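First to last, the protein sequences are chains A and B. Using the working numbering, read the first sequence as starting at 412 and increasing by one per residue. Using the working numbering, read the second sequence as starting at 412 and increasing by one per residue.
Check the hints yourself; a few may be wrong.
Which copy? The list can't say, so a pair holds if one copy fits it or any two copies do.
Claimed, not checked - Heads up, simulated DSS-like pairs for lysine-lysine below, C-alpha to C-alpha not over 30 Å straight-line:
#, residue 1, residue 2
1, K585, K521
2, K684, K638
3, K744, K521
4, K521, K638
5, K491, K684
6, K580, K623
7, K491, K638
8, K638, K580
9, K684, K489
10, K684, K744
11, K684, K623
Derived from the structure by calculation, the hints contain no laboratory data. Since this is a predicted model, take the numbers as computed values, not measurements.
Number of protein chains: 2
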Amino acid sequence: MLPTRGYAVHSPTDNLAPFDFERRELSPTDVLITIDFCGVCHSDIHQVRGEWGNSIYPMVPGHEIVGRVTAVGAEVTKFKIGDHAGVGVAVDSCRECNNCRADYEQHCEKGSVGTYNSTEMDRVTPTYGGYSSQIVVQEHFALRITETENLAAVAPLLCAGITTYSPLKRFGIKAGQKVGVVGLGGLGHLGVKFAVSMGAQVTVFSTSPAKKDDATRLGAQHFVVSKNADEMTPLASTFDFILDTVSAPHDINVYLNLLRLNGAMVQVGIPEKPMEVAAFSLVVNNRSLAGSGAGGIAETQEMLDYCAEKGIVSDIEIIPMSRIAEAYDRTVKGDVRYRFVIDMSTL
Amino acid sequence: MLPTRGYAVHSPTDNLAPFDFERRELSPTDVLITIDFCGVCHSDIHQVRGEWGNSIYPMVPGHEIVGRVTAVGAEVTKFKIGDHAGVGVAVDSCRECNNCRADYEQHCEKGSVGTYNSTEMDRVTPTYGGYSSQIVVQEHFALRITETENLAAVAPLLCAGITTYSPLKRFGIKAGQKVGVVGLGGLGHLGVKFAVSMGAQVTVFSTSPAKKDDATRLGAQHFVVSKNADEMTPLASTFDFILDTVSAPHDINVYLNLLRLNGAMVQVGIPEKPMEVAAFSLVVNNRSLAGSGAGGIAETQEMLDYCAEKGIVSDIEIIPMSRIAEAYDRTVKGDVRYRFVIDMSTL
Numbered sequence: 412m413l414p415t416r417g418y419a420v421h422s423p424t425d426n427l428a429p430f431d432f433e434r435r436e437l438s439p440t441d442v443l444i445t446i447d448f449c450g451v452c453h454s455d456i457h458q459v460r461g462e463w464g465n466s467i468y469p470m471v472p473g474h475e476i477v478g479r480v481t482a483v484g485a486e487v488t489k490f491k492i493g494d495h496a497g498v499g500v501a502v503d504s505c506r507e508c509n510n511c512r513a514d515y516e517q518h519c520e521k522g523s524v525g526t527y528n529s530t531e532m533d534r535v536t537p538t539y540g541g542y543s544s545q546i547v548v549q550e551h552f553a554l555r556i557t558e559t560e561n562l563a564a565v566a567p568l569l570c571a572g573i574t575t576y577s578p579l580k581r582f583g584i585k586a587g588q589k590v591g592v593v594g595l596g597g598l599g600h601l602g603v604k605f606a607v608s609m610g611a612q613v614t615v616f617s618t619s620p621a622k623k624d625d626a627t628r629l630g631a632q633h634f635v636v637s638k639n640a641d642e643m644t645p646l647a648s649t650f651d652f653i654l655d656t657v658s659a660p661h662d663i664n665v666y667l668n669l670l671r672l673n674g675a676m677v678q679v680g681i682p683e684k685p686m687e688v689a690a691f692s693l694v695v696n697n698r699s700l701a702g703s704g705a706g707g708i709a710e711t712q713e714m715l716d717y718c719a720e721k722g723i724v725s726d727i728e729i730i731p732m733s734r735i736a737e738a739y740d741r742t743v744k745g746d747v748r749y750r751f752v753i754d755m756s757t758l
Numbered sequence: 412m413l414p415t416r417g418y419a420v421h422s423p424t425d426n427l428a429p430f431d432f433e434r435r436e437l438s439p440t441d442v443l444i445t446i447d448f449c450g451v452c453h454s455d456i457h458q459v460r461g462e463w464g465n466s467i468y469p470m471v472p473g474h475e476i477v478g479r480v481t482a483v484g485a486e487v488t489k490f491k492i493g494d495h496a497g498v499g500v501a502v503d504s505c506r507e508c509n510n511c512r513a514d515y516e517q518h519c520e521k522g523s524v525g526t527y528n529s530t531e532m533d534r535v536t537p538t539y540g541g542y543s544s545q546i547v548v549q550e551h552f553a554l555r556i557t558e559t560e561n562l563a564a565v566a567p568l569l570c571a572g573i574t575t576y577s578p579l580k581r582f583g584i585k586a587g588q589k590v591g592v593v594g595l596g597g598l599g600h601l602g603v604k605f606a607v608s609m610g611a612q613v614t615v616f617s618t619s620p621a622k623k624d625d626a627t628r629l630g631a632q633h634f635v636v637s638k639n640a641d642e643m644t645p646l647a648s649t650f651d652f653i654l655d656t657v658s659a660p661h662d663i664n665v666y667l668n669l670l671r672l673n674g675a676m677v678q679v680g681i682p683e684k685p686m687e688v689a690a691f692s693l694v695v696n697n698r699s700l701a702g703s704g705a706g707g708i709a710e711t712q713e714m715l716d717y718c719a720e721k722g723i724v725s726d727i728e729i730i731p732m733s734r735i736a737e738a739y740d741r742t743v744k745g746d747v748r749y750r751f752v753i754d755m756s757t758l
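Looking at chain A on its own, in the form it has when it is part of the complex (with noise of 0.2 Å):
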């Protein structure tokens, strides 16, 4: 077994601290990744807190996972000695469902293996994730990496960007279309880079008048201040598609009547409470409402292949692992740009 550092909490009411436990020595089809920088993802806070009731203590968070391979099992091919590769939220899964087949791993009839607070896939072995030194991880789980000049920049790439990347791509998003992004924070600011590196009109949608600069920057042709009726008012069944990205408590009714005929509006933010849906929203322009799960172990790469190419990566505030806390804190008020990254050599 590999001696391993880590952070992690024992319950929902105690503070990330240092953690020594075991990973598995490497299987044939293994990698052993020492890492590099972890993103500090607000999942991470809802689980460690307990706050979506599936919390498995004690924890070690943390799947926006970047390092180097520093040992690989005798049958991997995909990786060897030095690579740089990453690990985004899942580590494990069935690989013989309809859906893992068709490269959904994370959409796995079995139930796939998250990257931490979640089993193995012998449903007993705890999985822990990326505040630590290093991980184990099947081969085919882990992902390689290319841009390497600005690899903390890269890590929430594996959540945050998949996240938004993948239901991007799923409905078509292409040049010229008028994409809504709602929410400028770790997943939106990214939603924003990707819907216009495809060539849409980006629209960003945000409480905080604040932002403007931002989207511009990263951008956007159009900001809303989406309190403000007048500005919302004018742009019913407009756009395409809208990505909402925010989850705490809002009207989702607002945003669906802003698309046209056969638009839809995917919801990434995950509210506590159920969204209320009114059935006109819907019926009128007959708009969609879908959810979207991270992406596939192919979509992930096709993804970071895609960011290498067109120089996308997130916007970061780098962090050493001490000032955790502090993190959390700031995450939560959403007074980050736009990403914290932790860097695992301060361990």
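Got chain A; can you put chain B on it based on the hints?
Just chain B now, with coordinates in the frame of chain A:
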């Protein structure tokens, strides 16, 4: 002007009673249809009783109209006197906007003209529906009817038919797919007939075990009492598509959870209160919840031609105009298999 006899209400608490009014003289592109039958749609009741908050009185309801062409304008090419013709939920639109040009007149960007409880494009002249002796309509908005042997049973196709056909076509339902139909009423029983005709494996979900025999007779392979968790649980993530026809309050998450990867549910019942949608119901399997509003003229014609070819009509109970109050009461109670149709010769 053309003196016309109808049945109308003058307030939300009024009972339908004889009402004399005038139809316009025919323009060069109008046809005059002498009405043989008019279906009783649940939305007639909602609007007569002012339950949608949009009612204009006096109101002559009815938008499932079939009859014979008894006069044509000088430029009419689609009909000649003696042809059978139908009118559905819309009688005009701008004909110029993107949606109209894409054959989605019902979603006209300037607002289509409802067959009743609406105003003409002048936004002043009220429209009166099919509980009447005759109607004058632009030939573009009149439908050709080739199935004339059972004309009364064709009437409900003009609203209930197109409302269920359109989403099944839009989502490309094909042989072997697993389709659920929630609720076995006016909409649901036609949804079952269409899905079965497309080769789908159809499951009917109903709160009423008494409807099992009918579901089987209509061609459904499976029948599930939706309140029975033991029957519902094993069906999680197994359906390609679900058509929800229920407008009474119900938990739609129960049905969303039955959708497999990239599955969609279309809500064609119009619940009065907003539907509560849990984010995870959509995130798991990348599910969609969509709305659908009737269909355009071209698609309605396609549906009527499809029904004539496949021998699909509505199950109906014919009533004289004098029994309309009783028909409303029984429709509200779900006590009709599956659509009341008024014999307009009894007017």
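Could you figure out if K684 and K638 sit no more than 30 Å apart (CA to CA) within one copy, between two copies, both or neither? Both: 21 Å inside a chain and 23 Å across chains, each within 30 Å.
Go through the copies and call it for K684 and K623: within, between, both or neither, with a Cα cutoff of 30 Å. within (29 Å within a copy, 35 Å between copies)
Which holds for K491 with K684 at a C-alpha limit of 30 Å: within a copy, between copies, both or neither? neither (45 Å within a copy, 58 Å between copies)
Is the C-alpha distance from K491 to K638 at most 30 Å within one copy, between copies, in both cases, or in neither? Neither way: K491 and K638 sit 52 Å apart in one copy and 55 Å across, limit 30 Å.
Pop the pair K521 and K638 into one bin, within, between, both or neither, using alpha-carbon distances up to 30 Å. For K521 and K638, the Cα distance is within 30 Å only across copies (25 Å; inside one copy 42 Å).
Within, between, both or neither: how does the pair K744, K521 come out at a Cα-Cα threshold of 30 Å? Classified as neither; 36 Å inside a copy, 42 Å across copies.
One pair to classify: K585 and K521, alpha carbons no more than 30 Å apart. Within, between, both, or neither? So K585 and K521 pass the 30 Å test across copies only (27 Å; inside, 34 Å).
Between copies, within a copy, both or neither: which fits K684 and K744 at Cα up to 30 Å? within (19 Å within a copy, 32 Å between copies)
Tell me, please, which holds for K580 and K623 at an alpha-carbon limit of 30 Å: within, between, both or neither? within (26 Å within a copy, 42 Å between copies)
At most 30 Å between alpha carbons: which applies to K638 and K580, within, between, both or neither? Cα proximity of K638 and K580: one copy only (29 Å, versus 38 Å across).
First find the shortest C-alpha distance between K684 and K489 inside one copy, then the shortest across copies, and answer within, between, both or neither for a cut-off of 30 Å. neither (42 Å within a copy, 53 Å between copies)
The structure shown violates the earlier hints numbered 3, 5, 7 and 9.
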